[in-house]
Amino acid sequence: MAGITSLLNTGMKALNASQLGIEVTGQNIANVNTTGYSRQRVVFKDDMYIDSSPGQMGTGVKATEIIRMFDEYIEQAYNLRSSSSQRYNVLYQNMQSVETTFNESTTDGISKTLASFFQDWQNLSLDPSSYPQRQNVISDAQNLMSVLRQASADLTDLQRQTEASIVDDVTAANNLIKEIAAINQQIAVHDDPGNNNANGLYDQRAIKVRALAQLMDVKTIDNGGGNFTVLTGAGHTLVDGGSAFDLRLENGKVTRNLLPGSNFNGTVGFSGADSFEYTIRVVQGGVVSNGNPAAQFQVSLDGGVTWLRSDSGAIKTFSARPQAQSVGVGNLSIYFGAQSNSSVTPTGTLQAGDTFTVVPKTALYWYQSASTPVNITPQTYFTGQDNTNRLTGGSLAGEFELRDYDIGRYKERLESLANSLIWETNRIHSQGSGLSMFTDATGTYQVRNANLALGSDASGLAYSSKLSAGASTLYVYNAATGACVSNGFLDFDPAQPGTQLFDPAQHSLTDVVNAINNTFGSFLTASVSNNKLQIDAKPGYNFGFGTDATGLYAALGVNTFFDGSDIHSMTLNPLVGSNTNFVNAGHINGAGESNSGDNTTAKALADLAKKDVTIRTTFDAPTSQTLQEYFNSLVGVVGVDTEKAKFNYDFENSLATELNNRQLAVAGVNLDEEMSNLVKFQHSYQAAAKMISTADQMWQTVLGLKQ
Amino acid sequence: MNRRILENLTRQHQALKVLGTLQQEEFAHLKDFRPQSVGAVEFSIQELMRQLMAERLEIKRMVQAIDPQAQRLRHVAGVLGEDWPRVQELLDRIDALEQASAKQAEKSYTLALALFDQSTGYVNLFKKSFTANKPAYGPRGAFQSTKPAPAMLRGAL
Numbered sequence: 001m002a003g004i005t006s007l008l009n010t011g012m013k014a015l016n017a018s019q020l021g022i023e024v025t026g027q028n029i030a031n032v033n034t035t036g037y038s039r040q041r042v043v044f045k046d047d048m049y050i051d052s053s054p055g056q057m058g059t060g061v062k063a064t065e066i067i068r069m070f071d072e073y074i075e076q077a078y079n080l081r082s083s084s085s086q087r088y089n090v091l092y093q094n095m096q097s098v099e100t101t102f103n104e105s106t107t108d109g110i111s112k113t114l115a116s117f118f119q120d121w122q123n124l125s126l127d128p129s130s131y132p133q134r135q136n137v138i139s140d141a142q143n144l145m146s147v148l149r150q151a152s153a154d155l156t157d158l159q160r161q162t163e164a165s166i167v168d169d170v171t172a173a174n175n176l177i178k179e180i181a182a183i184n185q186q187i188a189v190h191d192d193p194g195n196n197n198a199n200g201l202y203d204q205r206a207i208k209v210r211a212l213a214q215l216m217d218v219k220t221i222d223n224g225g226g227n228f229t230v231l232t233g234a235g236h237t238l239v240d241g242g243s244a245f246d247l248r249l250e251n252g253k254v255t256r257n258l259l260p261g262s263n264f265n266g267t268v269g270f271s272g273a274d275s276f277e278y279t280i281r282v283v284q285g286g287v288v289s290n291g292n293p294a295a296q297f298q299v300s301l302d303g304g305v306t307w308l309r310s311d312s313g314a315i316k317t318f319s320a321r322p323q324a325q326s327v328g329v330g331n332l333s334i335y336f337g338a339q340s341n342s343s344v345t346p347t348g349t350l351q352a353g354d355t356f357t358v359v360p361k362t363a364l365y366w367y368q369s370a371s372t373p374v375n376i377t378p379q380t381y382f383t384g385q386d387n388t389n390r391l392t393g394g395s396l397a398g399e400f401e402l403r404d405y406d407i408g409r410y411k412e413r414l415e416s417l418a419n420s421l422i423w424e425t426n427r428i429h430s431q432g433s434g435l436s437m438f439t440d441a442t443g444t445y446q447v448r449n450a451n452l453a454l455g456s457d458a459s460g461l462a463y464s465s466k467l468s469a470g471a472s473t474l475y476v477y478n479a480a481t482g483a484c485v486s487n488g489f490l491d492f493d494p495a496q497p498g499t500q501l502f503d504p505a506q507h508s509l510t511d512v513v514n515a516i517n518n519t520f521g522s523f524l525t526a527s528v529s530n531n532k533l534q535i536d537a538k539p540g541y542n543f544g545f546g547t548d549a550t551g552l553y554a555a556l557g558v559n560t561f562f563d564g565s566d567i568h569s570m571t572l573n574p575l576v577g578s579n580t581n582f583v584n585a586g587h588i589n590g591a592g593e594s595n596s597g598d599n600t601t602a603k604a605l606a607d608l609a610k611k612d613v614t615i616r617t618t619f620d621a622p623t624s625q626t627l628q629e630y631f632n633s634l635v636g637v638v639g640v641d642t643e644k645a646k647f648n649y650d651f652e653n654s655l656a657t658e659l660n661n662r663q664l665a666v667a668g669v670n671l672d673e674e675m676s677n678l679v680k681f682q683h684s685y686q687a688a689a690k691m692i693s694t695a696d697q698m699w700q701t702v703l704g705l706k707q
Numbered sequence: 708m709n710r711r712i713l714e715n716l717t718r719q720h721q722a723l724k725v726l727g728t729l730q731q732e733e734f735a736h737l738k739d740f741r742p743q744s745v746g747a748v749e750f751s752i753q754e755l756m757r758q759l760m761a762e763r764l765e766i767k768r769m770v771q772a773i774d775p776q777a778q779r780l781r782h783v784a785g786v787l788g789e790d791w792p793r794v795q796e797l798l799d800r801i802d803a804l805e806q807a808s809a810k811q812a813e814k815s816y817t818l819a820l821a822l823f824d825q826s827t828g829y830v831n832l833f834k835k836s837f838t839a840n841k842p843a844y845g846p847r848g849a850f851q852s853t854k855p856a857p858a859m860l861r862g863a864l
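Just so you know, the sequences run in chain order A and B.
For the first sequence, this note's numbering gives the first residue as 1, with consecutive numbering after it.
For the second sequence, this note's numbering gives the first residue as 708, with consecutive numbering after it.
Straight line, CA to CA, 27 Å or less: simulated DSSO-like cross-link-like pairs of lysine-lysine: (1) A:Lys219 <-> B:Lys738; (2) B:Lys810 <-> A:Lys646; (3) B:Lys724 <-> A:Lys644; (4) A:Lys13 <-> A:Lys45; (5) A:Lys646 <-> B:Lys814; (6) B:Lys810 <-> A:Lys644; (7) B:Lys835 <-> A:Lys219; (8) A:Lys219 <-> B:Lys834.
Distance windows between CB atoms, simulated: (9) A:Thr171 <-> B:Ala821: 31 to 37 Å; (10) A:Gly384 <-> B:Arg779: 32 to 38 Å; (11) B:Gln743 <-> A:Asn632: 43 to 49 Å; (12) A:Asp154 <-> B:Gly828: 40 to 46 Å; (13) A:Ser97 <-> B:Arg757: 41 to 47 Å; (14) A:Gln119 <-> B:Ala747: 53 to 59 Å; (15) A:Gln686 <-> B:Phe833: 35 to 41 Å.
To be clear, the hints were calculated from the coordinates, so they are not data collected in a lab.
What you are looking at is a predicted structure, and each value in this text was computed from that prediction instead of being measured.
Every residue gets a Cβ at the ideal spot worked out from N, C-alpha and C, and that includes glycine.
Throw the hints in and build the complete structure from the sequences for me.
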């Protein structure tokens, strides 16, 4: 009903509404520099109408709600881009450190020391009996090993640093997950959409989700209020309303996935560490056994996308062995044991299709209550694609990619370089001769069991796969006169007519010992000592090694230059290190003579610099190039990876920045706009006050009627 | 002739260096969302490319002046005599710079396209979400749902 009273009432409502408008504008102005604050505004609505004559009369204004200006669509898109951007940012920043390891512009790095090593052999070939040249070979070889070790140690340090960042990020992610769940609980209490919007809490939640998106790729499902779900990009729930889920870093886990109805009661055991996950797939059912038949399995290092292959290109198949005969697969020793005790041979039968996953590193797991932990460690296949069932974004993806895929590959390639350098040098050196003959020789490479075939995966011999069938020659001399008293091939079965040659698939270390004793027993005594080959000359004799078509001497570590099989264990053969007379520059010729002026072996080793050799890693197909070219290609790969990370960062960061700008255009506080709103509400307030004073004057007039 | 060929190759070499710098500048503008600056640099790049093309045609004419059958500089290596190693070196450098330019162009193209796609996606969302669904008579006389594009004017002609 119209009247002076309703006029006062309308004025009062307008006064309150304008005041609220000024307060919200003030709140916006006050938070102009607050990160994550979204601009707010009051929704005004004309209040109820009353039917009267001459028509409906309004009753003023009503401030219905305070809303926040925020674009959920842009926010989701931004979080996705921001995750990718952060992944490549971490990658790019750290790849610059990796590049420094391979930067040789200021220091004598691997490339230069490798060249010096081969140059020394070249120099020795010009003066084979020279003591200083021999000493040069030794000292530059030591220098090369030291540089390789340093590069490997630098990369390991970077991996450790990255691992520390991973630990911090996982802690931060778990905290954020809990905080988002707590905010959801608060929103559920305070938020009443349309009446009491919990704008501040929504802003806080958006900030936390943004922070979480910097750590990992996340998706959100907003069903209103506290009913808000945060998932990883692959769909693992992190927050579900008020509930939070857990992420944990765990080391050295094995998970088994047996076919239904399987009666196999064991699992896989392993020793060693690697940057890659090993997927073990049983391809031929059977039992775990020392001999044949045993179940057969294949191994993949990238979750089943590619499978380990032999040098011939065929997928490699391994036998399921108990712990005592664990097989060397990649960088691990793998065996099958009972679940309760891995050293006990398991019972039951493995079926084709059973799989096991060995994670020989610290990995990230998602824990859902009362369920098996799920491995969500970011994984890059060797094809370069991401495993989309794992994390693919955020700093965690960048850190894991750096630690496992990038540095993991560089380290393994560096290891392959060292491994090939050792083998190729030893292969040539072991067939040569120095300035002295041997009165005794001890192998530097150990087997696990002296009765296992040397070429088998279970032999434990570092270079078992390099052995081939053929003849190995030995020469025996009279120590006093230097006359050759006996020479020939090792005979592996004197009972049979003719010389039976070495076969790596059949002959064990014991067989090698027997062959030496059978062939040269009058002059030499061979034995197994500490699972290594030991040869001792009988009094009055000494011996030397000749042509070896099998690689047996190099694989057992007799008459070799290097010892060890990787950067960590790489060293000089102790005999060569202590006596330069055993640096082989020459060889024993067809007449059984070893001449001090002979440069055959030194020349062959100098030529190794230009010779293509087969180098392989567990993830690359075998390549045929020189050792120097192989290292140069590794440096090239590091450069390309760094450039790729930089471009991806530029790309993703530009798109994320553009989306953030769009969000700021919606949610950001514009002071000009707020000032004009302030003036607008101030005038509304003044007008409302004027309305009240007008009503007051009307009352005064009405009250003054009786006077 | 040798001197003119060397001068031409040197100009091409220097031009490609400038091209690389311009492309990097363009990429930087693209990253900072400065479309007008991108446009300005693009004009310079196009002009430089035009000049490079002119130099290429010029050198082709010179090669064919030496030997009408020759298509490439290496076909007249014998005629260039002792200048050939210098020519070869310049050609190698030009090739390396060309490859770097091609890579940089690809990067700029990828980023520009992604920014365009992102904006288009956002505009399409607006179109879908905020353009009203209006029932209208279809050609067979029945109501059908239409979604008109945003427009300044509305009505029927």
